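Novice: The lines below spell out each chain.
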Amino acid sequence: MSMKFSIPKTWRERKPHYLLEATKCKNCGKIHYPPRTVCDKCGSRDLERTRLSGEGRIVSYTVQYVVLDGFRDYAPIIYAIVELKEGVRVLAPLTDVKPGDVKIGLKVKAVLRKVSEDGKLGLIRYAIKFKPLEAESQK
Amino acid sequence: MRKVYVVGVGFTKIGRFFDKGLRELFAEAAIKALDDIGGENVQALVVGNMMSSSLGEQDNLGAVLADYAGLGGIPAFKVEAACGSGGVAVYTGYSLVASGLFDIVMVGGVEKQTEYPTRIVSKGLAQASDAEYELFYGISFTGLNALVMRKYMETYGISRDEMSVWPVLMHKNASKNPYAQLPFEVTIEQVSNSMLIADPIRLLDSSPIGDGAAALVLASEKYARKLSDTPVEIAGVGLATDHIYIAYRDDLLKLKATIDASKVAYRMAKVEPSQIDVVEEHDAFTILGYMNLEDLGFSERGKTPKEIAEGRFHPGDKPTVNPSGGLKARGHPVGATGVYQVAEVAMQLRGDYPGVKVNGEIGLAQSIGGLGTTVSVIILRR
Amino acid sequence: MKPVNDVGIAGWGVYIPKYRIKCSEIEAMWGFQPGYCRSLNVYEKAVAGVDEDTITIGYEAAKNAILRAKISPSEVGAIYVGTESKPYAVKPSITVIGEALGITPKTLGADLEFACRAAGEAIEASIGLIASGMIKYSLVIGADTAQASPGDVLEFTASSGGAAYVLAKRGDNTVAYFEGSFSYITDTPDFWRRPRSPYPYHGEQFTGDPAYFHHIISAVKGLMESLGLRSSDFDYAVFHQPNGRFPLKVASKLGFPKDKVLPGLITPYIGNTYNGSALIGLAAVLEQAKPDQRILLASFGSGSGSDAYSIIVEDGIEERVNLAPKVKDFLENKEYISYPLYAKFRGLIEKFEM
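Protein chains in written order, with the working numbering: chain B, 1 to 139; chain H, 1001 to 1382; chain A, 2001 to 2354.
If you're looking for bench data, these hints aren't it; they were derived computationally from the structure.
No experiment lies behind these values; they were computed from the predicted model shown.
Every residue gets a Cβ at the ideal spot worked out from N, C-alpha and C, and that includes glycine.
Be a bit skeptical, because a hint or two may be false.
Just the calculated beta-carbon pair ranges, DEER-fashion [claimed, not checked]:
#, chain 1, residue 1, chain 2, residue 2, range
1, B, P76, H, K1222, 37 to 45 Å
2, H, E1132, B, S137, 27 to 35 Å
3, B, A75, H, E1040, 31 to 39 Å
4, B, L133, H, N1060, 51 to 59 Å
5, A, P2034, H, F1018, 49 to 57 Å
6, B, D40, A, S2149, 50 to 58 Å
7, H, R1301, A, G2151, 56 to 64 Å
8, B, D101, A, W2030, 41 to 49 Å
9, A, K2221, B, P8, 29 to 37 Å
10, B, S137, A, D2172, 25 to 33 Å
11, B, P76, H, E1189, 17 to 25 Å
12, H, E1040, B, G122, 49 to 57 Å
13, H, E1115, B, A75, 21 to 29 Å
14, B, K103, H, G1072, 58 to 66 Å
DSBU-like, lysine-lysine: derived pairs with alpha carbons at most 30 Å apart [stated by the list, open to error]:
#, chain 1, residue 1, chain 2, residue 2
15, A, K2086, A, K2344
16, B, K30, H, K1176
17, B, K120, B, K98
18, B, K9, A, K2086
19, B, K98, A, K2086
20, A, K2328, A, K2260
21, B, K107, A, K2221
22, H, K1226, B, K41
23, A, K2063, A, K2086
24, B, K9, A, K2091
25, A, K2063, A, K2022
26, A, K2221, A, K2290
27, A, K2326, A, K2258
28, B, K109, A, K2018
29, B, K85, A, K2334
30, A, K2326, A, K2249
31, B, K120, B, K26
32, A, K2070, B, K85
33, A, K2258, B, K15
34, H, K1263, B, K30
35, A, K2344, A, K2063
36, A, K2260, B, K109
37, A, K2022, B, K120
38, A, K2290, B, K98
39, B, K131, A, K2334
40, H, K1222, H, K1263
Looking at chain B on its own, in the form it has when it is part of the complex (with noise of 0.2 Å):
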């Protein structure tokens, strides 16, 4: 049996994976996603969890047809930099949609999906990717 995922990783890093949780300074507000242990815009180490709301708008896309190992199944694989409300920018994949329908701009919110598996028989990996939001709240 031949095992490639971290189990405890894939266990430690669940809540930033599916639910979007990141830290606040309780000093400067500044929000940090992924988690951060000091703030780096004010050095304060006084930080509290905080979860973002998922929505957001695509800053910048890729369209990736050479994938990594363990990844054909998904290509192509678009990928974004998307803001979210709260200003926090966030990089995942976008689902459910074809690449001529992405444009910078793009209101989409995010979903927990099937990111990659360890073969058949090792763990499965979920996070958060994001899907473009109905076409009637792209206003």
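Please build the complex by placing chains H and A on the supplied structure of chain B, with the hints as guidance.
Specialist: Just chains H and A now, kept in the frame of chain B:
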């Protein structure tokens, strides 16, 4: 701090060398560099390398390479900063000599990429990104750069064909470089219509996967003249880092680490960008070719493609950029690239570079690890 | 069965993947006689995307149910998913869903299995927990990415989707309540899947009379007897819908006219979502029902069993309808895919580990 000089250089051709491993490649470059200083002994070895661990299953690389290059027993260690490993190795070697710890230090760089199919090599390269929040999702290094390229084109209103002038210039320069991996010319049409890798990045926007090794010998002022008739001074060094998670950065269209590292290096060398005669910069992708020139202070944001189309930065201009052909066409043996660049600039300044020649006194080499996560800038003076 | 304290529905939500394959394409692929799927009254079926499974489908449906219930996830005291397509054979799906919704850790939770009626069992268990005062809210999910061997008749109907319900004590934020329920189970082997087998076996004709019809009719008759009701007392009837034909047939046997069944008959457009099947049908009915109307819900699970419920709609339901996407929205938002893409999405193409 003591002055430090490049006194010896050596590098291999870059390519897919299925018959050579890390040891053979490095020994070839090291022997050339040692011959360049008349066979004198070096006192320590610093090696830049990214993937000996992930693709080569070899840690403890400094000792292995010192042994197999015939330098056995000397202090030796590997320096790793992803694709910027080579530049950081030079930075480290410089520090060892400048501090007075050693007088003669070899700085090497070596990468062996062609051991596995592309999907596995790409994964190794993508380890330059954030393992838990970028690589986790399977985004490749090309994918990350593509996010920046799209934003650049959209922000400045630059067309596909306008972007394509960079690879055309790089291939033209490389066509005269006997060490280049891709020594042939290409046209704008070929670049714009080459295969999509991660839209908008196409095959001919990308540096190739290749193997190679380079070596420098650095010496203190006391030894420089003894070891070389044409020593080249390392006049300024700068190193800076930035957030690894690219979405965390305020501005995708600059690499802050390049700006920060170059400011330090310019100040230390007491030069302005306008005084630089030759540049070797880290154009792993077309987009970086342009952004690097902007971040280093050679051109205005969003105007570089147009300037290059009009002849700026071509051979004969000041500065001449990437006369080697750059990462795009000379090749990009990852952890060795930063060492190639310094060796090439040193040869330009001492007058024995074998490809496109630049007649000048001051040169600059910029090496990037990750997408601007670690950047080193090294300024050389004849 | 009737608890001392009435229990009702505070919120409902569904999720149907956007991908559809036309049954005529499956028909042609395997050389079935043209018109076969029309005889089942199924025209197309929903297909989970390449990155979807029971966990992600259940999560989406549950999110919509919580939106309609207007509660905080941390108020939920029990979470259940009824499914026969768990991504892990051993390791609960519900913990991933619960964690991703922000419900964990202070909650009960389990994956339940009883073919297509596991979620029905979860509703019964939740009614007990809420009526007894042990918990305030329960979240029940029925979700599946149903398996069918390529070329088997099951392939015309086995589809992907799910529904979720937030249950609460009647009057405590509810918009409908259970007037009574009746469960009926026997050992009737009409359909099964052994461990390590990727696809189920089934008795084809045998899944009808001794299984589907006998159990549903027994449960519904038991319910009506215990409540003293007749079919004419109901405004809607929603049955488990393995195809588009069985629910209409069982309705006519029980004396329900077609127009009371059609509002909740969704299978012709999305296929059989197994644990989602009857519950998506109920959601479609709730999205058009008026206060004081009475709804019959009857689940079915092979093996076999059925739960029948009488549900009374309460005031305030209309204002919950638009708080989350409706069944109608999911039916309209669709993209047709080819058989090869369907085969890739459903993992029907065996690849070597490379």
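Novice: Work down the list of hints and note, for each, if the structure agrees.
Specialist: How the hints compare with the structure:
1. Between B:P76 and H:K1222 the beta carbon distance is about 58 Å. The supplied range of 37 to 45 Å is therefore violated.
2. The supplied range of 27 to 35 Å is met by H:E1132 and B:S137, whose beta-carbon atoms lie about 31 Å from each other.
3. Checked against the hint of 31 to 39 Å, the C-beta distance between B:A75 and H:E1040 comes to roughly 53 Å, which is inconsistent with it.
4. The hint said 51 to 59 Å for the Cβ distance between B:L133 and H:N1060, and at roughly 52 Å that hint holds.
5. A C-beta distance of roughly 56 Å is found between A:P2034 and H:F1018, which places it inside the suggested range of 49 to 57 Å.
6. Take B:D40 and A:S2149: their Cβ atoms lie about 54 Å apart, and the range 50 to 58 Å holds.
7. Between H:R1301 and A:G2151 the beta carbons are some 60 Å apart, a value that agrees with the proposed interval 56 to 64 Å.
8. Roughly 32 Å separates the CB atoms of B:D101 and A:W2030, a value that falls outside the hinted 41 to 49 Å.
9. At about 54 Å, the beta-carbon gap between A:K2221 and B:P8 misses the expected band of 29 to 37 Å.
10. At about 32 Å, the CB distance of B:S137 to A:D2172 agrees with the hint of 25 to 33 Å.
11. At about 24 Å, the CB distance of B:P76 to H:E1189 agrees with the hint of 17 to 25 Å.
12. Between H:E1040 and B:G122 the Cβ separation comes to about 54 Å, which falls inside the hinted range of 49 to 57 Å.
13. For H:E1115 paired with B:A75, a C-beta distance near 23 Å keeps the hint of 21 to 29 Å intact.
14. Evaluation of the 58 to 66 Å hint for B:K103 and H:G1072 yields a pass: the beta carbon distance comes to about 59 Å.
15. Annotation: proposed proximity of A:K2086 to A:K2344 holds, straight-line Cα distance about 19 Å (limit 30 Å).
16. The suggested pairing of B:K30 with H:K1176 is violated, with an alpha-carbon distance near 52 Å, which exceeds 30 Å.
17. Between B:K120 and B:K98 the CA atoms are separated by roughly 27 Å; this keeps the pair inside 30 Å, and the hint holds.
18. With a CA separation close to 23 Å, the supplied pair B:K9 and A:K2086 stays within the 30 Å bound.
19. Proximity of B:K98 to A:K2086 is assessed by CA-CA distance (about 28 Å); at most 30 Å being required, the pair is judged to hold.
20. Taken as a hint, the A:K2328 and A:K2260 pair is honoured in the structure, with Cα atoms around 18 Å apart against an allowance of 30 Å.
21. Using a Cα cut-off of 30 Å, the hinted pair B:K107 and A:K2221 is violated, with the two alpha carbons roughly 50 Å apart.
22. Distance hint between H:K1226 and B:K41 is unfulfilled; the C-alpha atoms sit about 50 Å from each other, more than 30 Å.
23. At roughly 19 Å between alpha-carbon atoms, A:K2063 and A:K2086 fall within 30 Å of each other, so this suggested pair holds.
24. With a CA separation close to 17 Å, the supplied pair B:K9 and A:K2091 stays within the 30 Å bound.
25. At roughly 29 Å between alpha-carbon atoms, A:K2063 and A:K2022 fall within 30 Å of each other, so this suggested pair holds.
26. This hinted pair checks out: A:K2221 and A:K2290 have alpha carbons roughly 25 Å apart, not beyond 30 Å.
27. Between A:K2326 and A:K2258, the direct Cα distance comes to roughly 23 Å. Compliance with the 30 Å bound is thereby established for this hinted pair.
28. With a C-alpha separation of about 16 Å, the suggested pairing of B:K109 with A:K2018 holds against the 30 Å cut-off.
29. For the proposed pair B:K85 and A:K2334, the alpha carbon gap of about 28 Å is at most 30 Å, so the pair holds.
30. As the CA atoms of A:K2326 and A:K2249 are separated by approximately 27 Å, the hinted pair is consistent with the 30 Å bound.
31. For a cut-off of 30 Å, the pair hint linking B:K120 to B:K26 is broken: about 43 Å separates their Cα positions.
32. Note on A:K2070 and B:K85: the hinted pairing holds, with a Cα-Cα distance of about 22 Å set against a maximum of 30 Å.
33. A threshold of 30 Å between alpha carbons decides the hint, and for A:K2258 with B:K15 the separation of about 47 Å lies outside it, so the pair is violated.
34. Straight-line distance between C-alpha atoms of H:K1263 and B:K30 comes to about 28 Å, which keeps the hinted pair within the 30 Å bound.
35. Restraint check for A:K2344 and A:K2063: the C-alpha separation of about 27 Å stays at or below 30 Å, so the hint holds.
36. The straight-line distance between the Cα atoms of A:K2260 and B:K109 is roughly 37 Å, outside the 30 Å bound, and the hint therefore fails.
37. For the proposed pair A:K2022 and B:K120, the alpha carbon gap of about 29 Å is at most 30 Å, so the pair holds.
38. Distance hint between A:K2290 and B:K98 is unfulfilled; the C-alpha atoms sit about 39 Å from each other, more than 30 Å.
39. For the suggested pair B:K131 and A:K2334, the alpha carbons sit about 14 Å apart, so the restraint of at most 30 Å is met.
40. Taking the CA atoms of H:K1222 and H:K1263, the gap is about 29 Å. The hint holds against a cut of 30 Å.
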